[in-house]
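Chemist: In order, the protein sequence lines correspond to chains Z and Y.
Just so you know, we're using our numbering here: the first sequence kicks off at 663 and counts up by one.
Just so you know, we're using our numbering here: the second sequence kicks off at 59 and counts up by one.
Watch out, some of these pointers could steer you wrong.
No farther apart than 30 Å at their CA atoms in a straight line, the calculated lysine-lysine pairs in the DSBU-like style are these [to be verified]:
(1) Y:LYS138 <-> Y:LYS209
(2) Z:LYS785 <-> Y:LYS101
(3) Y:LYS225 <-> Z:LYS766
These are calculated hints, taken from the structure and not from any lab test.
These numbers come from a predicted model, not from an experiment.
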Amino acid sequence: MQTTIKIDNKVYRIEISETEDDSLKVKVNDKDFFFTKNELGKSRFTDSYAKNLNGETKGNGIIVRERIDKEIKSPLAGTISSIAVKIGETLKPGKKVATLIAMKMENEIISEGYGKIKEIKVKENQSVNSGDTLIILE
Amino acid sequence: MIIKNYKILKSTNLKAKELAKKGADPWTIVVAKEQTSGYGRKKTAWSSPKGGLYFSAILPKSNIDDLQTLTILAAFICAKTIKENFNLETFIKLPNDVWINGKKVAGILTENIIGREVKLSVMGIGLNTNIKKFPKDLENIATSLRIELGKEVDNGKLLKQIIEGLKEQLRTISE
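Generate the whole structure from the sequences, applying the supplied hints.
Modeler: In structure tokens, the structure reads:
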């Protein structure tokens, strides 16, 4: 889909297309912006740095993934009540990795990006502190 | 406040999480007349036959400390609502339960989904209101307002009072 918009007398050429991995590419004049939809149903902007971190090339197009962290850390002190992933599993945004019982609440810890699990640093019923590494990604 | 009423659900928390993921507004309230798989902390079963008040609120994005405070305050709000409406003496078993005469009458479970920050939060409350009788395995540990008062209560009125209490408390602690 192509269109033009005018803001403050400046004309922008907009071209919207889907990439091979269902991301959305929005080309504004000559600059590309990429968006992915996570499992929470929200479109997220993924910047061009992402391709350097975890990008893949398919055909002629660069498939841009979300910027990922190499570790998933515990956001809170508490007890890991269950682990929902295995070593070698590939994560994507919104994927539940563990349940943490903390501060009188049950907290589902999710991945925010893509990545393959290299190591799981915690076991069920283990106590963790805020900031402790739960999972290491390749 | 948007109230979504269901005849039967597996769990109001599960439905609230599902709706929140689809973008439902904060303070959307999911109410079920009956739950087939109601649960509390550590997925312990919460008996949810017809007659009880079972609901979950999609909470506004808040910091995790405020959510913890609200979870504890929710038990106080339930206890206060029961006391003010029916003059029943309640006992709060911290952090999440309300008891009357040594038996559980209400339970609260807050569930969060957290990535780099809190993505969504739902608070589920199960209040044993118009339950006439509990099964044998629960009759010594659970009670209802119907059993304590000998008469039925208005679930809709209690729901609104509790939700208003939660909203007010969250406003206060977030300031």
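Chemist: LYS225 (chain Y) and LYS766 (chain Z) were given as a pair; does the straight-line alpha-carbon distance stay at or below 30 Å?
Modeler: 19 Å, holds
Chemist: Is LYS138 (chain Y) within 30 Å of LYS209 (chain Y), Cα to Cα?
Modeler: 19 Å, holds
Chemist: Does the alpha-carbon distance linking LYS785 (chain Z) and LYS101 (chain Y) stay inside the 30 Å limit?
Modeler: Answer holds: LYS785 (chain Z) to LYS101 (chain Y) is near 18 Å, not above 30 Å.
Checked against the numbered hints listed earlier, the structure breaks none of them; every hint is satisfied.
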